[in-house]
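Participant: Use the sequences and the hints to build the structure in full.
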Amino acid sequence: MSTQLWALAVAGIVVLAAACLEVFRARRARRRSAGATAAPASEPYILYFTGDGCTVCRTHQEPALAKLGQVRIDKVDAIAERTLADRFHVYTLPTTVVLSADGHPLHVNYGYATAPKLERQLAEARGGLKVATA
Amino acid sequence: MATQLVDHSALKVNQTGIVTTVLVAFVGSAVYRPLLVLIPLLAIVLLLGTFAPQLALFKQLYFKVLKPRGIVKPRPVQDRPEPHNFAQGLGGVFLAVASVLLITVPVLGLALALLVAVLAFVNLAFGYCVGCQIYFQLGKAGVIKAS
Chain R
1 MSTQLWALAV AGIVVLAAAC LEVFRARRAR RRSAGATAAP ASEPYILYFT
51 GDGCTVCRTH QEPALAKLGQ VRIDKVDAIA ERTLADRFHV YTLPTTVVLS
101 ADGHPLHVNY GYATAPKLER QLAEARGGLK VATA
Chain W
1 MATQLVDHSA LKVNQTGIVT TVLVAFVGSA VYRPLLVLIP LLAIVLLLGT
51 FAPQLALFKQ LYFKVLKPRG IVKPRPVQDR PEPHNFAQGL GGVFLAVASV
101 LLITVPVLGL ALALLVAVLA FVNLAFGYCV GCQIYFQLGK AGVIKAS
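First to last, the protein sequences are chains R and W.
Mapping the first sequence onto our numbering, position 76 (from 1) lands on 76, and the numbers just tick up by one.
Mapping the second sequence onto our numbering, position 125 (from 1) lands on 125, and the numbers just tick up by one.
Since the hints were made in silico from the structure, they are not lab data.
There could be a bad hint or two in this list.
Stated by the list, open to error - Here are some of the chain W residues that sit facing chain R, going by a computed Cβ distance under 10 angstroms:
#1 Gly17
#2 Val19
#3 Arg80
#4 Ile103
#5 Leu114
#6 Leu115
#7 Tyr135
#8 Gln137
Just so you know, even glycine gets a beta-carbon here, dropped at the ideal spot from N, CA and C.
Facilitator: So this is what it looks like as structure tokens:
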């Protein structure tokens, strides 16, 4: 039984380390992308990084983005547009970036972001609130 | 790259099979150690299924039993099968390594097998396929032709 417990502990540590790495990556991406601008707009908008091999993009992320209504969404092929993807440290797909009207990244979501989450982030962007979320 | 119809229910059944088998081996081995043989068997099943889909045990269970009887409904999605096959193969490789470790360092072998089950569960529950993301990263780095 002790073998199982030790194995569980090792697996738990690895999962915990992965979670910490995820937080670190998100923070580093925010730092790196601070001040980065894409194309200025009159309203907050979303950069949506996707790719041919991304299933979740098609099955989850795109339906969620479609629920947002009249929001500008710039779809970016992360493999073709490497420079832009690297600027936001895109390491997984889908990745969505909520930018203020002047092109400042306010939120970077790695992996699937739900419609309510994106709506909340857009509302914060419209209200001038800057919340560090990833 | 061209997409084709991929039945995601088959993928879900596969992931369920992986999680269940590893959990049975993990919990069961506490009382009956020979159950650990399920880990190398699962590695063989996954690796065989990667290179010969007709030998993919869990997918065949879905296509031959669960789907015809209406137990699991099909969910065809326009998709590319390569990232999913890559993820399955990667799981098989990790389980093969875990099988070797089970002989030499049982704790690490079991831990590695558990991690494969955790990743399969994450894919099953949240649709986040880590193996597919590795496939994407390798494609981005030009190691494999993924785009």
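Participant: Please go over all the hints and tell whether each is borne out by the structure.
Facilitator: Hint check results:
1. Gly17: violated (19 angstroms)
2. Val19: At about 13 angstroms, which exceeds the 10 angstroms cut-off, the nearest Cβ of chain R leaves the hint on W:Val19 violated.
3. Arg80: holds (6 angstroms)
4. Ile103: violated (13 angstroms)
5. Leu114: Check passed: Cβ of W:Leu114 comes within 4 angstroms of chain R, closer than 10 angstroms.
6. Leu115: The hint holds - W:Leu115 has a Cβ within 10 angstroms of chain R, the shortest such distance being about 5 angstroms.
7. Tyr135: Result: holds, 6 angstroms to nearest chain R Cβ.
8. Gln137: Since the shortest Cβ distance to chain R is 7 angstroms, the answer is holds.
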